[in-house]
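Novice: Sequence order for the protein chains is A and B. Per our numbering, residue 1 is the first one in the first sequence, and the count goes up by one each step. Per our numbering, residue 365 is the first one in the second sequence, and the count goes up by one each step.
Keep in mind that a hint or two might mislead.
FRET-style restraints, in silico, Cβ to Cβ [said to hold, decoys possible]:
{"no.": "1", "chain 1": "B", "residue 1": "526", "chain 2": "A", "residue 2": "13", "range": "22 to 32 Å"}
{"no.": "2", "chain 1": "B", "residue 1": "390", "chain 2": "A", "residue 2": "82", "range": "50 to 60 Å"}
{"no.": "3", "chain 1": "B", "residue 1": "607", "chain 2": "A", "residue 2": "13", "range": "17 to 27 Å"}
{"no.": "4", "chain 1": "B", "residue 1": "607", "chain 2": "A", "residue 2": "157", "range": "49 to 59 Å"}
{"no.": "5", "chain 1": "B", "residue 1": "520", "chain 2": "A", "residue 2": "91", "range": "18 to 28 Å"}
{"no.": "6", "chain 1": "A", "residue 1": "242", "chain 2": "B", "residue 2": "501", "range": "35 to 45 Å"}
{"no.": "7", "chain 1": "A", "residue 1": "180", "chain 2": "B", "residue 2": "433", "range": "49 to 59 Å"}
{"no.": "8", "chain 1": "A", "residue 1": "161", "chain 2": "B", "residue 2": "503", "range": "50 to 60 Å"}
{"no.": "9", "chain 1": "A", "residue 1": "341", "chain 2": "B", "residue 2": "371", "range": "28 to 38 Å"}
{"no.": "10", "chain 1": "A", "residue 1": "157", "chain 2": "B", "residue 2": "612", "range": "46 to 56 Å"}
{"no.": "11", "chain 1": "A", "residue 1": "140", "chain 2": "B", "residue 2": "390", "range": "29 to 39 Å"}
{"no.": "12", "chain 1": "A", "residue 1": "4", "chain 2": "B", "residue 2": "390", "range": "31 to 41 Å"}
{"no.": "13", "chain 1": "B", "residue 1": "378", "chain 2": "A", "residue 2": "341", "range": "45 to 55 Å"}
{"no.": "14", "chain 1": "A", "residue 1": "161", "chain 2": "B", "residue 2": "656", "range": "28 to 38 Å"}
Treat the hints as calculated values from the structure; they're not laboratory data. A virtual CB, placed ideally from N, CA and C, is assigned to each residue, including glycine.
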Amino acid sequence: MTHQYPALSAEQKKELSDIALRIVAPGKGILAADESVGSMAKRLNQIGVENTEENRRLYRQILFSADNRVKKCIGGVIFFHETMYQQGDDGTPFVRMIKDKGIVVGIKVDKGVVPLAGTDGETTTQGLDGLSERCAQYKKDGADFAKWRCVLKISENTPSALAIMENANVLARYASICQQNGIVPIVEPEILPDGDHDLKRCQYVTEKVLAAVYKALSDHHVYLEGTLLKPNMVTPGHACPTKYSAEEIAMATVTALRRTVPPAVPGVTFLSGGQSEEEASINLNAINNCPLARPWALTFSYGRALQASALNAWRGQRENESSATEAFMKRAEVNSLAALGKYEGSGDEAGAAGQSLYVANHAY
Amino acid sequence: MAHQFPALTPEQKKALSDIAQRIVAPGKGILAADESVGTMGSRLQRIKVENTEENRRAFREILFSSDSSMNQSIGGVILFHETLYQKDSSGKPFPHVIKDKGIVVGIKLDKGTAPLAGTNGETTIQGLDGLAERCAQYKKDGVDFGKWRAVLKITDTTPSTLAIQENATTLARYASICQQHGLVPIVEPEVLPDGDHDLQHCQYVTEKVLAAVYKALNDHHVYLEGTLLKPNMVTAGHSCPKKYTPQEVAMATVTALHRTVPAAVPGICFLSGGQSEEEASLNLNAINQCPLPKPWKLTFSYGRALQASALAAWVGKPENKKATQEAFCKRAQINGLASKGQYIVSGKSDAAAKQSLFTASYTY
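Based on the provided sequences and hints, a complete structural model is requested.
Specialist: Right under this line is the structure:
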């Protein structure tokens, strides 16, 4: 507490900070394409496609073959381990395809949730064992940032003090190890939208969780300028009877962040949770038009909300590949505008874009 | 942790937020005129004036009866208990004199340091007993903000975890109680400039201290938009052989704040510590010119650095009233400009302005 034993040299800090700024450059956000094998199963199941390694490869290829228009919208792509080592049809490694577009490559490094005994069904996240060696290898293999997802849930008795503290601590350990290996950690403390709680309740819990996260990051000597935050937007529970406008969601979200996220954090990249593609874009746009002062970039790190239409367009057929890529490109461009507060809405709520993507107790 | 029991109504929040905004309105800062009887003794001794209640009253009257234009640079005045109930020569209570100029009245609320057993000479602050009742009374008597000074010291073994934790907790309790009674709490976690440590060491300690303070404020459900922070600038220890420029001080200071102070805090009012009047102004100016994003107001809450020249001009003689007021108003104006980054140094500076005001292990 009294002495500093610098965790990072000035050069290391600069490298991390530069990577973070590139990912959240104005108008850019993140494509979260890091669905585990199990999560991909659900996705592919919904469109009647078999969950094979080849199908997963073909599908990611659709996303990664987007043309140069994608450079202005996507600053980073998060990979799952398997995908890091896959290639396109012409043998080009996916990592190379992404980097050649000037997009930063990221990797999911957590190993899923495990139960916290003595709690009401709460969890922590594992993956710290050998994390340093894994980060070093991923860095060699082309990754410059990582992602680790913690999960909290709102109910009568949760999140408990233990769950908040334990998840914050594990996020801070992960972040510290990443930075030691030149990797920018995306810190993701997701509060699930499951439940019937209202907007205020979510805001309150989000503030408590984020305060604990940033205290833990400080305690673990994490260099904030070389991190990104991936939080939930502040929304009511999915079963809440009250409906809220995008502006109310934006105000609650930005207020919570202003009270907890130090200005040194370069960017906040929201997860989409169970929001539909259009909802996620409208809300992000409202956030970027919120009248409160916002010292960090506010952008997206979307999985489902960038890919739902693309998956639907593809349906496993090779002949649908370019229309699927185009569907992805469209959402990427819309979210890029939303990240600048310039999206005017599509008017079309009926298509896949408007359909809710909520899956109860989503485990990724 | 899971439920919110709102500490404040929306009306209470708005009232607190409005007061805070008025104090740190653009170009304005705080006159810290809350020296205790003992501390005023040190001041008056230096100019060979007897430390009587009347002399203390007379000096404060000179300051508070300065031209109304002082309200362009002064948003708030902190008073000591005795002074709150004193009157000017026409029988007008000091709070009225100050409020009539549109300046907000504040009160020192802490009751000084108490030792922390088992530490290397570290302290906490007392004053929580009956604080709610005192705040209620002060609010009736015209006060709208409070001040509470916690003290930490840098040595090889300090500040310890306990000292940081304990002082952060008492600051949070004080802040919570203030807000319940409509007083905006100024939170002052002063890291003393005593010692030979360098700029980096002070920055590191300041970051740890502020992270603990904001975690405690969050834990205690304090409404950040209705608070102000009064920290030390980040400077080298007073006996550090290395000298730093105002720009280096500014960069270290703003970086530390950037990493710890949420954007929701409306204003940061630096204490002057042992800095001379001119040094305190130059540093504040450099801070406001620092190229990092600054989502809070960065202004002054100066005691010695606003009053040294005035005291030297007064030397206890009523016929020096005008010269005293001019000296004070001059520093007020300069600091008002510095709070906007617009102070242009003329090249000539008064002897009293430059003289270091450092007193070892300053206790107020």
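Novice: Each hint should be assessed against the structure and marked as holding or not.
Specialist: Going through the hints against the structure:
1. A beta carbon spacing of about 30 Å between residue 526 of chain B and residue 13 of chain A agrees with the range 22 to 32 Å that was offered as a hint.
2. Distance hint check for residue 390 of chain B and residue 82 of chain A: the Cβ-Cβ separation is about 55 Å, which falls inside the suggested range of 50 to 60 Å.
3. For residue 607 of chain B and residue 13 of chain A, the hinted distance range of 17 to 27 Å is satisfied, since their beta carbons lie about 25 Å from each other.
4. With their beta carbons about 57 Å apart, residue 607 of chain B and residue 157 of chain A fall inside the hinted range of 49 to 59 Å.
5. Restraint check, residue 520 of chain B to residue 91 of chain A: a C-beta distance of roughly 60 Å breaks the suggested window 18 to 28 Å.
6. The supplied range of 35 to 45 Å is met by residue 242 of chain A and residue 501 of chain B, whose beta-carbon atoms lie about 41 Å from each other.
7. Judged by the Cβ atoms, the range 49 to 59 Å given for residue 180 of chain A and residue 433 of chain B holds: they are separated by roughly 56 Å.
8. Evaluation of the 50 to 60 Å hint for residue 161 of chain A and residue 503 of chain B yields a failure: the beta carbon distance comes to about 33 Å.
9. Under the hint 28 to 38 Å, the C-beta atoms of residue 341 of chain A and residue 371 of chain B, about 32 Å apart, fit the expected range.
10. Between residue 157 of chain A and residue 612 of chain B the C-beta distance comes to about 50 Å, which sits within the given range of 46 to 56 Å.
11. Taken as a hint, the range 29 to 39 Å is violated for the pair residue 140 of chain A and residue 390 of chain B, whose Cβ atoms sit roughly 51 Å apart.
12. For the hinted restraint 31 to 41 Å between residue 4 of chain A and residue 390 of chain B, the CB-CB distance of approximately 35 Å keeps it satisfied.
13. In this structure, residue 378 of chain B and residue 341 of chain A break the distance hint of 45 to 55 Å, their C-beta atoms being roughly 26 Å apart.
14. In this structure, residue 161 of chain A and residue 656 of chain B meet the distance hint of 28 to 38 Å, their C-beta atoms being roughly 34 Å apart.
In this structure, the earlier hints numbered 5, 8, 11, 13 are contradicted, and the remaining ones agree with it.
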